[in-house]
Amino acid sequence: MYAYLVRRLLQFAVVLLLGSIAVWAFVFALPGDPATVLLGPDASDAELAATRARLGLDESVAGQYLTWLGHALSGDLGTSFHSDQSVVDVLRERVPATAQLAVMGMVLTLAIAVPAGVVVALRPRSVLGRAFQAYLTGGLAIPAFWLGLLLIIVLAVQSRLLPATSDYVPFWEDAGQALRHTILPAIALAVPSSAVLARFVATSLGEIMTRDYIRTARAKGLPERSVIRGHALRNAALPTVTVVGMQLGGFVGGAVAIEAVFNYPGLGRLLYTAIGERDYVVVQGGVLFVVAAFLCLNLIVDVLYAYLDPRIRLL
Amino acid sequence: MPPTPLTRRSLLTAAGLVPLLSACGGGSSGSTGRSGNGIKLATTQIMQFDPYLTNSALHVHAFYTYLIDYAADDDYTPVPAGAEKWEFASDHRSVTITLRQAAFHSGTPVTAKDVVAGVERALDKEAAFTLAQPSAFIKSATPVDERTVRLDFTEPTPEGLVHYWMFAFPLVPAASNDPKQLETKPAGSGPYRMASFSKDRSLVLERNPGYWERGKPHLDRIEVRFFNDEDSVVAALESGDVDGVAYTELRNADRLRDRFSLVEGGGRMDLFFMNGARPPFDNKKLRQAVARAIDRERIIKQVRFGMGEPVYTAFMPSSPAFDRSYLDSHGFDLDAAAALLRASGAPLTATAGIGTEPAARDIIQIIQADLKKIGFDLRIQPREQTAFLDALFAGELDCAVAAQPNNLQSPSLISRGRQMLPNDDNVMMRGVVPDAYVAAVKAARTAIEPEEQKAAYAALNKVLVDEAWAIGIATRPSLFALDKRVTGLRTDPRDSVVLTDIRLSG
Chain A
1 MYAYLVRRLL
11 QFAVVLLLGS
21 IAVWAFVFAL
31 PGDPATVLLG
41 PDASDAELAA
51 TRARLGLDES
61 VAGQYLTWLG
71 HALSGDLGTS
81 FHSDQSVVDV
91 LRERVPATAQ
101 LAVMGMVLTL
111 AIAVPAGVVV
121 ALRPRSVLGR
131 AFQAYLTGGL
141 AIPAFWLGLL
151 LIIVLAVQSR
161 LLPATSDYVP
171 FWEDAGQALR
181 HTILPAIALA
191 VPSSAVLARF
201 VATSLGEIMT
211 RDYIRTARAK
221 GLPERSVIRG
231 HALRNAALPT
241 VTVVGMQLGG
251 FVGGAVAIEA
261 VFNYPGLGRL
271 LYTAIGERDY
281 VVVQGGVLFV
291 VAAFLCLNLI
301 VDVLYAYLDP
311 RIRLL
Chain B
1 MPPTPLTRRS
11 LLTAAGLVPL
21 LSACGGGSSG
31 STGRSGNGIK
41 LATTQIMQFD
51 PYLTNSALHV
61 HAFYTYLIDY
71 AADDDYTPVP
81 AGAEKWEFAS
91 DHRSVTITLR
101 QAAFHSGTPV
111 TAKDVVAGVE
121 RALDKEAAFT
131 LAQPSAFIKS
141 ATPVDERTVR
151 LDFTEPTPEG
161 LVHYWMFAFP
171 LVPAASNDPK
181 QLETKPAGSG
191 PYRMASFSKD
201 RSLVLERNPG
211 YWERGKPHLD
221 RIEVRFFNDE
231 DSVVAALESG
241 DVDGVAYTEL
251 RNADRLRDRF
261 SLVEGGGRMD
271 LFFMNGARPP
281 FDNKKLRQAV
291 ARAIDRERII
301 KQVRFGMGEP
311 VYTAFMPSSP
321 AFDRSYLDSH
331 GFDLDAAAAL
341 LRASGAPLTA
351 TAGIGTEPAA
361 RDIIQIIQAD
371 LKKIGFDLRI
381 QPREQTAFLD
391 ALFAGELDCA
401 VAAQPNNLQS
411 PSLISRGRQM
421 LPNDDNVMMR
431 GVVPDAYVAA
441 VKAARTAIEP
451 EEQKAAYAAL
461 NKVLVDEAWA
471 IGIATRPSLF
481 ALDKRVTGLR
491 TDPRDSVVLT
501 DIRLSG
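Line order of the protein sequences matches chains A and B. So the first sequence is numbered by the numbering used here: it starts at 1 and just counts up by one. So the second sequence is numbered by the numbering used here: it starts at 1 and just counts up by one.
Be a bit skeptical, because a hint or two may be false.
[What the hints assert, rightly or not] Stretch-level coverage of chain B by chain A, calculated; a stretch enters the list once three of its residues show a Cβ under 8 Å from a Cβ in chain A:
no., segment
1, 198-210
2, 227-238
3, 380-391
[What the hints assert, rightly or not] Some chain B residues well away from chain A (every beta-carbon gap over 12 Å; in silico):
no., residue
4, Gly-38
5, Glu-159
6, Glu-264
7, Thr-356
8, Ile-364
9, Arg-418
Calculated directly from the structure, the hints in this document are not laboratory data. Ideal Cβ positions, reconstructed from N, Cα and C, are used throughout, including at glycine.
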C-alpha cells in the first residue's frame, strides 16, 4: 500500500510540473496585453511599456516561467497584476468559498442520486421509479447555467424567497446565511450531476442484483433489505466512488458558469475574471490549484478504491 | 449506508426547505436588504484606486476631492471644491490657487506641498497616465504659503484648459502619492473613506466625518458589489439584493423603467475610425464616402434604444466645439456616399474589426448593411475584446467602432485618445497625420480670446470633417437604475458618479 502511495505521489509531482508548463504556455498564447487591460484604451505606448516592465512582462516567456517556478517552489505564486495581492492570499480567500459550494453541491447530489438510482434499479416500473427516470432524463438535458437562471427568476426575482446573487458566508460562522446563499448554486450544480450519478448507481446496482452471490444471499433467506444494504449497495459503490471523485473535482474547477451566473465569489469566478483581465499569475495559480485538487481527489478515490477492493493494491 | 426510503413526509420536508431558507437570517445586514442609512450598488466595472491611473468612474469622487467641480455635467462653469479660489495672471502664464482648509482621511491638513508633489507626479509621463496629457502646459508648481500654490505655464494658456486640469487634479497627501501605495490604499479628502475592499466582490465606503462640505455626504455607508455578468446585475436589482445598478447597459432601460428610477449620465461617444495609414482607407474620398453612409438615427433607435444624441466630429453636444450643422451638411446620404465611392476609385472591400462589445457589433452591422446597398463590401472580423484592442492599437485594423471620452471644456483634449493623437503615434493615421490637424489642435490649445477660440474650434471641425478618419456616430449615455427610494445620484461631465448628494428615503 505504501509503495502504491509513493508511486502515485511521484506521478502527482510530474503531472503538476507538466501542468504548470502547459498552463503557462496556454495563458501566454492568449492574444491580448495585460498592460492594455490594466491601463485602458487611452494609455500611451510609453505608459504601456512602463507597465509591462513593472509587471515583468518584458522578459521572455520562458524566463518569466522559470522566475515564477523558482518562486513557486518556495511557496510564492506571485502577485496579481490588478490587485497587488499575493496569489496565495487570493486563493486562500476564494478556495473556501468554492469548497463550501462544492461540498454542498455534492451533498445534494448524493442525497438525490442514491435514492433515485436505487429506486430506478429496483422498482423501475413503480410511479416513483418512473418519476425518477423522468428526472434523470431532464437532469441530463438541462444545462446547469440555464437551470441557474430559472432558479434566479422563480425563487429570487419573482418570489424574492432567496437572493439572486450569492455571497460567501462561512458555514461555521452563520449556517443559516451560508445555506441561504449557497442553496441555489448548489441546486444548479447538483441537478445535472445527480442525474449522471443516479444512472451509474442504477446501472451498477441493476447489474449486481443479477449476480450469483445475490441469489445465494437470497437463497440463505436473508431479508431483501439486508441483501441490498449488505451485498448489493456496497459493491455498487465501487464505480460510484470514481464518479463522485470526478464530479467533486469538476465542482472545484468547473463551476465557472454557475459562479458567474450567481456572482458567487469562488475560484471559478476568479479564473473567469483573471482570464478576461489577462492576470497571468492569478490564472496560473488558480488553474494549478484546480489541477492539484483534481489530482488529490483522484488519489483519494484510488486509495479508497484500493481499500475497498484489495485486488487493486496488487496492480 | 442504505438509502433513506422516500416517504411523503420527506418530500413535504424538501418542499418546505426553500421558504425555510428564505427565512434564515433574512434580516442580517451581511446578506440582503439595507443596513441603516446605507445603500448597495452593483457594477460590472473594474476598480482601480490610484486617481492618476484609474479608468473606473464609480469611486473617484468618493475618495478624492478635486481642485474644482463643474456646475453640472453639461455646464462647464467652475465651482470651488478643493480650491477655494484661483487667480490667473494677466499674461495667462500662471495661476495662483488658494486651497480650502480641509483634511485628508488620515486627519493631516491639505497643504500646498501636497499639490506640488501631485504636479510633479503629473509631469512624470510614466506615472501620471490620465493626468500626463492635461498637465503638459505646466512648467512648475511652487508653494507660496501653507495653503497657496502658484503654477507657472510653459506658454500662455487658455483658462478653459487650466480649469479642466483643476477639475482632473485630485488632492492626494504627498507622502502617499505613488502608484504602489494608491493602488490598494486610496488616500484622499473626499466624502467617503474605504472601509473594506475585496476584489471582484465588494467595496465598502463609509462616511468621512471630517469632509469639508458641511452636512454631506448624506449616507453613512455605500457598498459597491462587483459582477461579471450584466444579467446578474439586473437580477440582483430586481430581487432586491442591491438598491441600484451603475453603468448598466442601455438595453435594460425598458425592462427597468417602470419599477426603478433611471438616471442618465453624459457618457462617452462612439466614433467610426478608418485607418488612413493603410489601404483601402488611405484613400480620403473613400473615407468621406463611408462617412456619409452612417445612419445615426437608426443606430440610436436600434442600438441605443432611443438614448443618446447624434454627433458628427469628435465632440459631445455639450462641448463648445460641437457644431450641429455638420449633421445636416454631412449627414446620412447614400446617394452622396455612392457618388464619393465612385469618385474614389478605391477597392470596394474592407474589413472591420470588432471586439466582444455587443453594441459595437450592432453598429458595424448597420453600417455594413448600408454600405452593401452602394456596392461596398464591409466584412466583419470578430475578436476577443483584449485581442481587438491590441489589433486596434497596433494599427492593424482597416476600421472599427470605438469609444472616445468627452472632451469637456477644452476641445484640444480631443487629441487624448490614441486614434486622435496629433503625431505619428496616432494608431489610425501613423505617418500621415494631416498637418492641418496638428495645427488645429495646437491652435485650440493656445487660443485665449473667445474669438480666437471659436476660430480654432471651427478649424478643428473642418479638418476632421475633411480628413474623415474619425467619424462621430452618437453619444453613449451611461445608465443607472435605482430603487425609487434612492435619490440624488448624478454624474459629472467626465461621467464619474457624484456620491455626495445621494439620499435614501423611507
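Quick rundown of the hints versus the structure:
| no. | hint | verdict |
| --- | --- | --- |
| 1 | 198-210 | holds (count 4) |
| 2 | 227-238 | holds (count 8) |
| 3 | 380-391 | holds (count 7) |
| 4 | Gly-38 | 16 Å, holds |
| 5 | Glu-159 | 24 Å, holds |
| 6 | Glu-264 | 23 Å, holds |
| 7 | Thr-356 | 9 Å, violated |
| 8 | Ile-364 | 17 Å, holds |
| 9 | Arg-418 | 7 Å, violated |
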